[in-house]
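Chains as they are written, first to last, in the working numbering: chain B, -4 to 366; chain E, -4 to 366; chain G, -4 to 366; chain Z, -4 to 366.
Hints listed in this document are in silico derivations from the structure and should not be mistaken for laboratory results. Treat the hints loosely; a few may be bogus.
Pairs count within a copy or across copies, as identical chains cannot be separated in the list.
Said to hold, decoys possible - Calculated pairs, SDA-like style, for lysine to any residue (alpha carbon to alpha carbon, straight line, at most 25 angstroms):
1. K354 with G315
2. K354 with D28
3. K354 with S12
4. K354 with E164
5. K354 with S167
There are 4 protein chains.
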Amino acid sequence: MNQVEIGRGKRALRAYSFDDIYLSPSRRTRDVDLVSSQWSIDAYTFAAPIVSAPTDSVVSPEGAIALGRLGVLSVLPLEGLWTRHEDPAAALAEVAEADNTPEADAQLRQLYRAPIDLDLLQARVRQISGAGVTTAGGVSPQRAAELAPIAISAGLDLLVVRGNTVSAEHVSQAQEPLNLRRFVGDLDVPVIVGGCSTYQAALHLMRTGAAGVLVGFGGGAAHRTANVLGIRVPMASAVADVAEARRDYLDESGGRYVHVIADGSVNTSGDLVKAIACGADAAMVGSALARSTQAPGGGYHWGPEAVHESLPRGARVELGTVGTWEEILYGPSERANGAMNLIGALRKAMATTGYSDIKEFQRVEVNVRPS
Amino acid sequence: MNQVEIGRGKRALRAYSFDDIYLSPSRRTRDVDLVSSQWSIDAYTFAAPIVSAPTDSVVSPEGAIALGRLGVLSVLPLEGLWTRHEDPAAALAEVAEADNTPEADAQLRQLYRAPIDLDLLQARVRQISGAGVTTAGGVSPQRAAELAPIAISAGLDLLVVRGNTVSAEHVSQAQEPLNLRRFVGDLDVPVIVGGCSTYQAALHLMRTGAAGVLVGFGGGAAHRTANVLGIRVPMASAVADVAEARRDYLDESGGRYVHVIADGSVNTSGDLVKAIACGADAAMVGSALARSTQAPGGGYHWGPEAVHESLPRGARVELGTVGTWEEILYGPSERANGAMNLIGALRKAMATTGYSDIKEFQRVEVNVRPS
Amino acid sequence: MNQVEIGRGKRALRAYSFDDIYLSPSRRTRDVDLVSSQWSIDAYTFAAPIVSAPTDSVVSPEGAIALGRLGVLSVLPLEGLWTRHEDPAAALAEVAEADNTPEADAQLRQLYRAPIDLDLLQARVRQISGAGVTTAGGVSPQRAAELAPIAISAGLDLLVVRGNTVSAEHVSQAQEPLNLRRFVGDLDVPVIVGGCSTYQAALHLMRTGAAGVLVGFGGGAAHRTANVLGIRVPMASAVADVAEARRDYLDESGGRYVHVIADGSVNTSGDLVKAIACGADAAMVGSALARSTQAPGGGYHWGPEAVHESLPRGARVELGTVGTWEEILYGPSERANGAMNLIGALRKAMATTGYSDIKEFQRVEVNVRPS
Amino acid sequence: MNQVEIGRGKRALRAYSFDDIYLSPSRRTRDVDLVSSQWSIDAYTFAAPIVSAPTDSVVSPEGAIALGRLGVLSVLPLEGLWTRHEDPAAALAEVAEADNTPEADAQLRQLYRAPIDLDLLQARVRQISGAGVTTAGGVSPQRAAELAPIAISAGLDLLVVRGNTVSAEHVSQAQEPLNLRRFVGDLDVPVIVGGCSTYQAALHLMRTGAAGVLVGFGGGAAHRTANVLGIRVPMASAVADVAEARRDYLDESGGRYVHVIADGSVNTSGDLVKAIACGADAAMVGSALARSTQAPGGGYHWGPEAVHESLPRGARVELGTVGTWEEILYGPSERANGAMNLIGALRKAMATTGYSDIKEFQRVEVNVRPS
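Throw the hints in and build the complete structure from the sequences for me.
Right, dumping it as structure tokens:
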């Protein structure tokens, strides 16, 4: 293990973030046309190895359909504004016009105080499902047992259970905390669950029967957990560790391949490339998609931790907009900042280093700064 | 040991600050309701593992009472303005309105030239003691022998002897330098003493009979010792080293548990979390409490080293204010910058990593940036 | 090897850029007059170990002649504006006066949509050749087979085949991808080819019969590949690796010395010094020459990757101008920022560390920041 | 040795600057009154371990006298403005009032084109010597043989031969390059010579019979050699290496103690502390003294490399002024930035870490950042 002693009797793991690593071109190169960015999980196949983050600034029901048609696994937040309000778009527009940030934040928090309307939730799921795209929804571990069956009965194809840290050994005083193994086993749809950040935690999640695990603490641009809680999940190391858990679980389970999905710090095309280089099968993307003119956030982005009532660990940030989702995913790009043509950049990186598909590309060589 | 050679014949210890480390979530999680932030030292128990820094920008006698009622070990500076002036609040208000910083600094230095009024000192101690909260006072090593008995006779429960570096082997030309072992042994109240920054120095301080040792050089935001003296105490390493001294002294003494209190660089909730993660039992907090609308500094913060007559190693800094002490300690927080809801953040960090009390939480896994 | 584990099952190479290293003076010193900066490749000898980057912001045909007379190996971009337009200078002046950057970029991209005029290409080559300087031209691997013979028949002395990453094992779906070994063998002129960035890749390129290899990803100031593709070639390590390939190939081939030319991150005189200190025989220089009042870019600089239609990995950047090419190469310099008197600085660095020629200077001692 | 491989076949030394290291307080402390900052070299004793840099922005003849009376070894630049002009103060005042930096720089360069007036040089030396302070002068290696005897005959007590890098093995095409061993041996006064930066180079300089060696490349704030030449001398490592040469030479010579004087990067009191902590006996100080209201630079600072005619490696920088030399050296200080009360800070650092004199203090413990 890659440990250092920070003082007598206290060791720490040296851990790398995406910003610390880069890919190294090797001796082979390849035409971009000979590269595939396709990704399949369970029965579903996508043109891009991208899962949209289940936050209101990224996807509305209409957006979920649009992103699905563009080859992305789009995930509707089942505890978000669209299952609480008939027309959140109007309310969001008002928030965006608030005179100042504290006022806007207060308005935003107010919108989340409305209860979830279960009929509305089912209607939203049916709307996406009816459009013929893969229909996925995101829930928190706290409300997973309650909301998942309702969404599935309305046509949900795939469930994402997402919290900052989700463990298979949660200690709770509630009468009956969520038993992930039984919960996943009882559902008729594949489940992606996380975040987790270590080999052991990931292995436990894989043993629940999940189809995929989220690696990371969620959020990237909008996340300030490191300052507030002192907790940090360096993504390059975390993804590599969990990819090793995937390999070991593949053997242990006699062949069950659990997908590793990087969830956090994937803000640019370069980050997407690095996530896969570290062993991810796909990446959950928030801010990059929130920069679309089509995103409900209108150039703003926030995650659930930003609207916490007493301990926010994120903030509503203004990202601005750069183009349509199609442009963000497939180009053309106009500026060399990694905000557009994510998949074009991924394919170019694969071609430059000589790999032909996502699975192979997980083996690409990387270099780190000498720091 | 974690040493490097900086040149032929000169080795240096690689040492880590709080900014270098972060916590790693592990495989277990826990409900926040099942987490305790309680801390006990000697006969006294506190809701928060926090000691207020004995500086005038943080606590007045009224403030000491208010902080004590909020579950903090509040420490009145016995050599500060409240034992020199009947009404320093008015003088401080004048300082705050000075036209420019040099003028304000000169006024501030002038206020400290007034002598300590021993009757006033006793009155201040009685005021706090009479309010029914744990009554603690802070003195410098130079004046400890003179002032401590006077304060104790007025009702002091606990004494803090605090200097930048306090050693059990001080070389002095004074007829009778402070003999810490005899001094601590003769007092009727528990003593917390420091700062120290190494295993050996801490072990020596523990052997004086102290109930707790301060780790660090004092100060954080307001401290510029590194530039002026070239001296730096990287807190993560220092706390970890001294925590090991606590373990070894526990064995050597046949069971005396000396509390390790981080004193320096604890500016945000994330820093508080990290201090305990490195092995601290509690942290001395200055700037974070000075940001209160209730603090005497009125949004300004300074330590004793800032008003030194010929070699200031700190400065009076403007921090601004963020809320009441209750909000700073227990929330609600409105911004994700670690300035508010310190205890809420600590409990959330403990829950996320699956620990139930402060003592257990000292074992949490940490990661460091690549190096 | 200098590897670290970034996570279980994923290793990375610790790799150094020019910014990470510096030269160490050793015990000998030397008069500047006793130092030679001369460089010879094949039959051609140059006063400076500098190859001008084949981009339109650096050289026009007139510029190639001027730079050649100053002792530089100047390379005309055969796929650039001067082989597409009769008078690109006028068009470039218009671009420079565009109201804003997006408009200027769009105009620039439009200029590159014009087809290459093969007669014009030959005229340009003849113009340079007729001036009596070494005549070199740069082509992409994609069009090398088509354009090289035409240019050579017009009098080209030396060919540069340059792409971001050029490998001897390119996988393509085109009927007949460029077979570098056959291509180089069939030509009557020496060929410099690259970029490459590893020992293995360089060794393969050397075996094609090339006279020199380019090390790096091309571009420096104008290059944003790290953000967009996640790919980075730390130049100090890459040059050192390829220099070792040169030594091994020298043995393997029974004495064929293939020149190692650093191509990327050589922006200042200090960078030029470091490139050679790492083992380069010469450096390809773009931005430093584009800062000339004589450069066609008029103070702007861009590489081919900046005008890519769908995935730009660079940008047109405004560098401003600092002086004539003679001043940039040989001084006098007026400001100590490494932008002027590149060769004077190189010679001074050689004198200070006691070396007398470029080949010897490759052995100079270097130091790195602590890590 | 502390080496890393930056690429195949190229190793580099990991080297530390003063900014990378800090002192660690240990278990002993001491009263400031029990600390001595005295330094003796040859027959001369000084209250402060400080040598003033021989540059015109720091010392005029009057300034040399004033600094000498304050207990500093002050060194008049024998090739500076005061040996070229009867009244350079007036000319410098004009330079300071120039409309812009390029104009001021040109005027400054012009001032240095005047020839050295040998009678004036002798008069300057006599003026200082007549005031009863230790009289020292600085020369370049190029003109040492010519100017030293003239200055000594006028009363010079001590000679400083200073260049960026001075070696005992200089290769020159001049008929008779300076033979340092013979030159030092023939002189009747002690000689300090440098800069050097490695163990070997220092050992060779010590063997010439020098009383002291300068470690470093000269200059600090005003020095941009790293950018222009790619050369860097990390001072903490260089001083430690040369201190080891001092120990080894002490044995080899049977007891000759050659003083190690840090020359470079000593800009603040913290840097002075660190220089000695790494093993220096004293430090040459430029910018810190140039900040005096008494310095001839009038708040500007430059070294000889800033006025080079064709390759400046420094610049005239505006530092502003902070107080008199007495305040800069002995306080009182008003701001905690390390610019004032250098000796007070040194003594405080020694007291805090428990050392009583400069020689002992060279053994103090240091820590480095984990980077």
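We went through each hint and held it up to the structure:
no., hint, in the structure
1, K354 with G315, "neither (33 angstroms within a copy, 45 angstroms between copies)"
2, K354 with D28, "within (17 angstroms within a copy, 43 angstroms between copies)"
3, K354 with S12, "within (21 angstroms within a copy, 30 angstroms between copies)"
4, K354 with E164, "between (31 angstroms within a copy, 21 angstroms between copies)"
5, K354 with S167, "between (38 angstroms within a copy, 20 angstroms between copies)"
Checked against the numbered hints given earlier, the structure breaks only hint 1 and satisfies all the rest.
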